[in-house]
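Listed below are the residues making up each chain.
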Amino acid sequence: MNPFTATIWFESFARRAESLPVRIHDWILGLLPAWPWLHWLVTALLAIVVILTFYGLFFAMITVTERKGLGRFQNRPGPNRTGPCGLLQPFADAIKAICKEDIVPATADKVLHFIAPCATVFFGLLTLAIIPAGPYFTALNLDAGVLYFFAAGAASELAIFMAGWSSHNKYSLISSMRALAQLISFELPLLLISVSVVMAAGTLSLPGIVAGQSSWTLGGIIPQWNILTPWGIFAFIILFIAALAETNRCPFDLPEGESEIIAGHLTEYSGFKYALFFMGEYFGMLALSGLAITLFFGGWNAPCEFLQFIPSYIWFPVKLFMMMCLFIWIRATLLRLRIDQLMRFAWKLLVPLSLVNLVVVAFWMRTGDWAGPLQLVRWAGAFALEFVPFLLIGRHMSKGLGPRKYKYAQ
Amino acid sequence: MNATINYAELVYALRPEIALTLGLLLALGYDMAFGRRMSDCARRGVAVLIGIVTLASAVFQTLHTNVPPVGHAAYWFHGAFVYDTLAHGVRLGVFGLSALTLLLIAGSIPHSALRTPHFKHPAEYVAIQLLATMGFSLMAVSNNLLIAFLGFELASLSLYVMAGFDKTSRASAEASLKYFLFGGMAAAFMLFGFSLIYGMTGTIVLPEIARSLAVQGPSPLLLVALVMVLVGFGYKAAAAPFHQWAPDVYQGAPAPAAALIASASKLAGFAFFARLLFSGLGTVSGDAINFGGPAGWIMVVIIISAASMLLGNIAALAQTNARRLIAYSAIAHAGIMLLGVIAVRAEGAGPLFYYALTYGIATIGVFSVFAAIERTAPCQRISDLAGLWKRSPFLALVLFVCVLSLAGIPPLAGFFGKFYLFAAALYLNGLMSPAGWLAFLAIAMSAVGLYYYLIILKAALVTNATAGASAATEKIRVPLSTVIALATSAALTIALGIWPDVVLGLFK
Amino acid sequence: MSALHLCLIFSTLLFALGLAAALSRSNAILVLLGVELMLNAANINFIAFWRFSPQFASNPHAGVIFAVFSIAVAAAEAAVGLALIIAVYRHYKNVRLQDADQLKG
Amino acid sequence: MTIASHPYAFIALFVAVAAAFPLGLLLVCRLWVWAFQPPKPSPVKNGIYECGLESKGDSWIQFKAHYYLYAILFLIFDVEVLFLLPFAASFNVLPWQALLVMLAFILLLAEGLVWAWNRGHLEWK
Amino acid sequence: MNSIPLLSLIIFTPWVGALLVALHHPRKPNAISRAGAVVFSLSTIIYAIAAIVLPGGFNPDAVGLQLTETHSWIDSLNVRYSLGLDGLSLMLVLLTGIIGPTALVASWRVAPVTRESNLYPVLFLLLQGASLGVFLAQDFFLWFLFWELSLFPAFFLIKMFGANAAKATRAAYQFVIYTMGGSAFMLFGFAALYATTGTLDFTALAQLGADGTLVAKLAEIGGIWPGVVFGGVLLGLAVKVPLFPFHTWLPSAYAEAPAGTSMFLTAVLSKMGVYGFIRILWPIFPAQLSAAAPCLMVLALAGVVLGAFAAMRQRDLKRMIAYSSVNHLSYCLLALFAVARVAGRTTHDAAVSSALSGTILQMFNHGLSAAALFYCIGLLEKRSGGLRGIGDFGGMRAVAPVFAGLCGVAMFSSLGLPGLNGFAGEFLIFRGVFGLAPWFAAAATLGLLVTALFLLTFWQKVFHGPVGENVKGMKDLSCCEIAPLVPAIALMFVLGIVPQVLAALFNPLVAQWTTSISSLP
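Residue numbers (our numbering), protein chains in the order written: chain A, 1 to 410; chain B, 1 to 508; chain C, 1 to 105; chain D, 1 to 125; chain E, 1 to 521.
It cannot be assumed that every hint is accurate.
Once the Cα atoms are required to be at most 35 Å apart in a straight line, the calculated DSBU-like pairs of lysine-lysine come out as [said to hold, decoys possible]:
{"hint": "1", "chain 1": "B", "residue 1": "K120", "chain 2": "B", "residue 2": "K475"}
{"hint": "2", "chain 1": "A", "residue 1": "K348", "chain 2": "C", "residue 2": "K93"}
{"hint": "3", "chain 1": "B", "residue 1": "K508", "chain 2": "E", "residue 2": "K217"}
{"hint": "4", "chain 1": "C", "residue 1": "K93", "chain 2": "B", "residue 2": "K120"}
{"hint": "5", "chain 1": "A", "residue 1": "K96", "chain 2": "D", "residue 2": "K45"}
{"hint": "6", "chain 1": "A", "residue 1": "K110", "chain 2": "D", "residue 2": "K40"}
{"hint": "7", "chain 1": "A", "residue 1": "K96", "chain 2": "D", "residue 2": "K40"}
{"hint": "8", "chain 1": "C", "residue 1": "K93", "chain 2": "A", "residue 2": "K110"}
{"hint": "9", "chain 1": "B", "residue 1": "K120", "chain 2": "A", "residue 2": "K399"}
{"hint": "10", "chain 1": "A", "residue 1": "K100", "chain 2": "D", "residue 2": "K45"}
{"hint": "11", "chain 1": "A", "residue 1": "K110", "chain 2": "A", "residue 2": "K96"}
{"hint": "12", "chain 1": "E", "residue 1": "K461", "chain 2": "E", "residue 2": "K475"}
{"hint": "13", "chain 1": "B", "residue 1": "K458", "chain 2": "E", "residue 2": "K167"}
{"hint": "14", "chain 1": "D", "residue 1": "K45", "chain 2": "A", "residue 2": "K68"}
{"hint": "15", "chain 1": "A", "residue 1": "K100", "chain 2": "D", "residue 2": "K40"}
{"hint": "16", "chain 1": "E", "residue 1": "K167", "chain 2": "B", "residue 2": "K475"}
These are calculated hints, taken from the structure and not from any lab test. What you are looking at is a predicted structure, and each value in this text was computed from that prediction instead of being measured.
Given the sequences, and given the hints that come with them, work out the whole structure.
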């Protein structure tokens with residue numbers, strides 16, 4: 001086998017591997033009568049089944065990863081009894097959840113109490129449909145995909161409020177109000193950052209945004225991902241922080257703050273409804289991670305040109321997994337904030353910085369034709385435009401704040 | 001996206017609005033930066049000063065706009081804006097009226113512990129008022145349903161806030177909420193009507209709408225749209241039967257806000273609707289000349305107008321609250337101005353504009369007097385005005401002039417406005433037209449109106465204050481800025497009555 | 001019955017519903033909701049007409065632009081409305097409209 | 001290859017399945033309960049959980065207005081995005097004057113934010 | 001002379017005076033402000049005499065408007081500042097010139113107003129200027145301005161200075177609302193006129209009215225239209241005069257006003273209505289007036305007869321004189337309507353000219369006599385401390401012979417005793433009306449009789465008989481009190497003997513009217 005044929009073989013392998021899902025899909029359709037509506041239905045159902053199984057399994061694996069990871073962070077083994085290395089733990093948990101008694105408080109608003117967990121999962125799933133996981137794994141390709149994502153995603157706030165309110169528990173209500181305040185506050189930077197990416201990509205379609213990042217420079221080593229621009233790194237950090245808050249993850253998990261308000265809106269839930277909340281939350285996390293990948297990490301694209309032989313449907317889960325790990329890492333590292341700190345952080349830092357980011361994107365896109373030394377100016381300018389406001393606002397916010405002085409410990 | 005968008009033209013078209021924006025930013029910014037260090041009085045003074053300077057610069061910008069000759073109009077920015085004498089006049093008018101009401105703020109500081117409207121946040125108030133003024137100005141130049149709606153809502157939303165600006169007052173909050181709920185509903189009606197018009201014609205530019213409707217002719221759907229638009233308009237203009245908010249707002253809102261709602265808002269609203277109805281829906285106006293002509297919006301306007309005049313005048317007779325009385329009289333005046341809307345067909349917008357402008361000036365005068373009185377004693381009931389002649393002859397004189405102008409007594413501006421407007425309405429087809437009968441009704445009702453205006457004057461000029469209430473007899477010291485507002489409105493009321501050509505010259 | 005008709009019927013029903021809510025409810029927030037429904041009914045009209053009707057060449061996007069702007073206006077109205085309701089609440093300790101009856105005559 | 005012929009048809013189907021998914025899972029639980037574990041309610045078990053204390057007063061309490069202030073602020077900025085998105089999508093083909101117009105728009109909103117900041121409305125109290 | 005805007009001076013000098021007096025001292029009147037007010041009030045008669053006497057002034061032989069002043073004013077409405085003087089106007093200016101200062105002096109000296117305030121002369125001068133404006137304006141718009149402006153000083157004069165506050169308020173409101181209501185309809189009529197013809201100039205409108213263009217133009221837009229406009233204007237004027245069913249405001253207004261104001265109201269303001277009939281209604285709507293004349297004559301006749309009867313029933317002297325004013329002015333209207341009725345018929349030239357001359361004379365005469373009577377009643381009030389019932393006095397002739405004499409002259413002048421001025425006017429009116437409408441004239445004589453009856457009753461009850469309780473200790477008139485009466489009484493005699501002095505001023509005018517009436521289509 002000479003290198004040339006090897007390359008050919010290699011390329012054809014890569015192509016075949018890439019188009020595997022299409023071939024499976026065509027094969028299944030071939031088994032069916034050639035009625036267009038049936039083909040459409042089956043195609044759609046296939047897409048849905050893939051989404052449900054993929055993200056369902058991913059959810060399961062992430063829970064076990066998280067538990068084990070947190071265990072390691074805290075110098076303990078984590079779950080290790082069920083299955084090999086405790087890998088079957090989530091399934092055991094599911095069975096346990098099914099078996100547990102479902103307790104509904106006598107004074108609760110029964111209907112809303114029932115709807116709330118379903119709605120959490122429902123809206124989580126809706127957002128997942130739009131995430132482009134690969135050229136052949138884009139279940140829903142809308143012209144205004146970004147809008148769809150936020151329309152579906154924002155509705156999950158409603159579910160949390162439903163849960164808190166219907167429980168008829170003071171802690172639940174407080175938590176849901178807090179959650180609402182927190183979610184709407186962090187929704188803004190999220191939205192604004194998406195807008196800046198849309199500005200750069202010139203389209204609202206998520207596959208379109210991915211397509212805009214599917215090339216490489218410097219001989220195919222450096223991908224042209226948005227994260228590798230001065231505005232992109234800032235934007236991603238903001239988006240990630242906002243995503244943490246949107247999914248009630250540590251350090252923004254105030255709504256569930258066990259030490260203050262029992263478990264917030266989850267207080268009155270038990271059994272499988274509780275599990276559904278978990279599922280919904282993780283679906284939300286997966287969706288936001290998917291969005292972050294789409295917006296900043298080139299979606300399904302390989303990081304280097306020569307790595308293209310690995311099919312896109314591998315790359316996407318890998319990136320997703322790494323994002324989730326990042327979530328877990330943050331959770332293990334940081335402490336929970338106070339509500340005032342949280343709100344201040346959103347309104348006084350993230351929102352202004354995302355507005356600044358819009359301007360920087362405009363600058364960056366308009367200076368695309370600068371070359372040579374001007375290129376340097378472009379980078380420096382963009383960084384300066386991001387950094388200076390950040391420093392100014394940061395200094396202003398921390399004015400008068402020093403390390404806390406402990407009276408009794410001195 | 002249309003690459004041929006001419007932004008220079010946009011900037012040219014909106015120079016006064018840009019000036020207002022910069023002014024409001026300046027007012028807010030200055031207050032944020034230095035406000036805390038200043039005394040209340042200085043803070044208020046600076047805010048008002050910035051507001052006045054801003055309005056002056058807006059007037060300056062307006063004056064430096066080329067006005068096409070009468071009967072012609074310039075279209076800017078792909079037909080989104082229109083500029084003609086009416087737009088020019090209304091812009092100048094609203095800036096002037098707005099400046100007059102601004103002057104009231106500085107004067108409305110309470111002297112005693114009495115609960116009177118006061119402004120803890122003058123810069124915000126000025127900024128919101130400038131926003132409202134911007135809305136008025138946009139309404140004046142809009143040639144397109146969208147710009148019109150935006151201007152309308154910008155103005156309305158600002159006015160809601162201004163009506164409720166006195167946070168210490170229960171009445172103010174209640175008034176603004178009522179104003180808001182009614183106004184919101186009106187906006188919804190109007191928007192629905194706009195959407196139907198858009199659906200029928202496929203365009204939102206007024207002349208294109210007119211062209212398209214001329215081809216289509218009237219249809220039931222169009223009638224629905226017209227009624228909806230007019231319902232929205234009726235609310236805005238406080239015309240019966242959509243007037244319920246007006247008395248409450250006039251009574252509860254702080255005096256400067258009420259003055260603005262009664263003056264500039266009316267001027268801009270009526271100018272805008274005259275333009276909408278004639279330039280956009282003129283081809284489906286129906287017949288104001290003969291009874292039994294084709295149906296159209298004119299009949300609806302006539303009915304609303306008649307209802308407003310009857311209800312306004314008759315309800316005003318029963319009032320014991322001076323502000324409510326002025327409100328009901330405003331409803332009656334709205335009826336007359338609706339007649340002016342019809343008369344636009346005969347004589348152009350001149351009579352309507354003159355009437356609305358002079359009405360606004362006189363109303364500001366009245367509210368200035370109320371505001372000045374409120375510095376020492378509450379000024380709600382008509383009896384609160386008692387002994388005004390002794391407490392401040394100047395206030396009594398201004399009240400005298402302004403109320404008589406509202407009543408339509410020569411040689412004041414209100415008289416000339418009425419006369420000109422009635423002549424224009426009769427010009428359509430004399431008494432034999434619906435408009436003619438409406439004019440007849442208007443005359444009869446002005447005679448009724450005279451009675452309640454005289455009640456106010458009687459209280460102010462003749463009746464002695466009841467003994468015992470020390471606040472109600474002490475002399476009123478009127479602050480300088482209010483004096484300016486009072487003197488200006490009274491002087492304008494007289495001067496425009498004697499030399500109406502100053503205003504009408506624009507339209508000839 | 002065409003899609004346009006369906007949209008129009010839907011929007012009309014929505015408008016009627018909003019109007020009914022705005023007129024019959026005594027809670028200010030519910031009235032506000034009714035008003036918002038009415039505004040959104042108009043938005044649906046705009047979009048429906050834009051989508052299903054022949055357009056004037058001069059501005060093919062008028063309907064959708066109008067809808068975008070009126071959504072913004074509706075939001076601004078909600079913002080102002082909520083603020084005013086809070087202001088009333090501060091005085092009356094509730095938002096029932098029948099209690100706000102200080103001004104009359 | 002796009003899967004659906006019309007994206008909205010797919011959304012409709014997906015909505016149905018996404019709604020059925022949690023409901024189906026809950027149905028499984030219900031069946032389990034029906035078959036093996038009949039519920040045993042008791043007043044204590046079905047009471048509100050407040051760390052073992054008895055709940056006092058109504059839980060549906062009224063919240064302070066500050067929550068609404070955030071809602072209002074959010075509303076304003078959320079709507080801002082409504083205008084930013086079409087602008088952003090066509091950013092590459094717009095002339096530079098359009099940028100200035102948009103910049104003015106953003107600055108006006110930012111000014112609102114600064115105002116709220118300055119007035120202390122962004123402080124959670 | 002032509003370079004001096006004499007007519008503007010006539011109108012505005014009292015206003016300038018009002019301003020100066022107001023500025024001089026806002027509250028309390030003093031000698032200077034009083035003297036100033038009288039001087040400014042006197043300016044009218046001085047100007048009027050100057051206009052007659054000076055070369056280049058008023059030419060009695062010319063017909064048409066003289067000393068005209070025309071300036072553009074409101075171009076958009078084609079409204080001009082237009083003043084003009086003819087015989088009719090001059091008569092009324094003279095009347096105002098005589099009565100104005102008299103009434104002003106009377107207000108302080110003789111029947112002092114209840115509230116001592118500088119506002120009184122200010123308002124009074126304003127009223128005087130506005131009245132003069134009404135008589136001189138030749139453009140409807142300007143005319144209407146003065147017409148309405150005259151209302152407000154009058155309102156406050158009645159309201160603030162009336163003896164009985166409650167009654168005065170009521171009377172003042174009644175007065176203003178009636179008049180304004182009427183004016184509103186007049187305004188409406190003129191708005192319509194403007195809408196159809198595009199002009200508001202009296203001369204131009206009269207031109208249009210004379211050749212029938214006006215009716216044609218109005219009829220173009222609807223059959224009832226000319227009638228409605230006519231009706232509107234008629235209503236406005238009828239309230240002011242007042243014509244019979246619209247007179248109800250008058251007695252209380254005259255009765256409640258302070259004496260000086262009553263004098264001016266009855267002498268000058270009531271003439272504004274008659275003047276309007278002659279200046280506006282008649283030339284502009286000759287055909288309509290002619291058609292409506294029979295009806296109107298009935299109303300005027302009712303005014304004559306019922307006014308007299310009503311006066312007879314009054315116990316309050318002021319109300320009595322007020323009703324007699326209704327009666328007297330109805331004579332004028334009767335004559336005018338009778339003339340209008342025969343418009344276009346050529347047979348009655350002598351009767352027409354006599355009726356018209358009589359009307360003008362009667363206006364002047366009634367002004368003198370009624371003012372004098374109000375003055376006398378004012379004196380009675382002053383002496384008796386506010387009493388003015390017909391039965392409150394008695395035997396005054398014995399106590400105050402001078403007063404009785406002067407009052408008697410005024411009374412007999414009002415009654416129409418030959419040799420005094422009242423006779424000439426009434427005689428001419430009756431002569432004219434007998435020629436034009438004999439039955440009406442015959443019926444009107446009833447009014448004459450009743451007038452004689454109630455005036456004689458007045459004479460008898462107040463001045464004859466036993467000296468009443470209230471009359472005891474009354475003093476006769478002082479010089480100061482006599483002075484205001486002197487010009488009026490003197491004129492009564494002069495005009496009673498040589499009415500031609502006045503008639504010469506308006507004879508050419510009447511002659512021209514007479515010919516133009518017979519030449520009407």
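Which hints from the list above does the structure break, by number from lowest to highest?
No numbers; nothing is violated.
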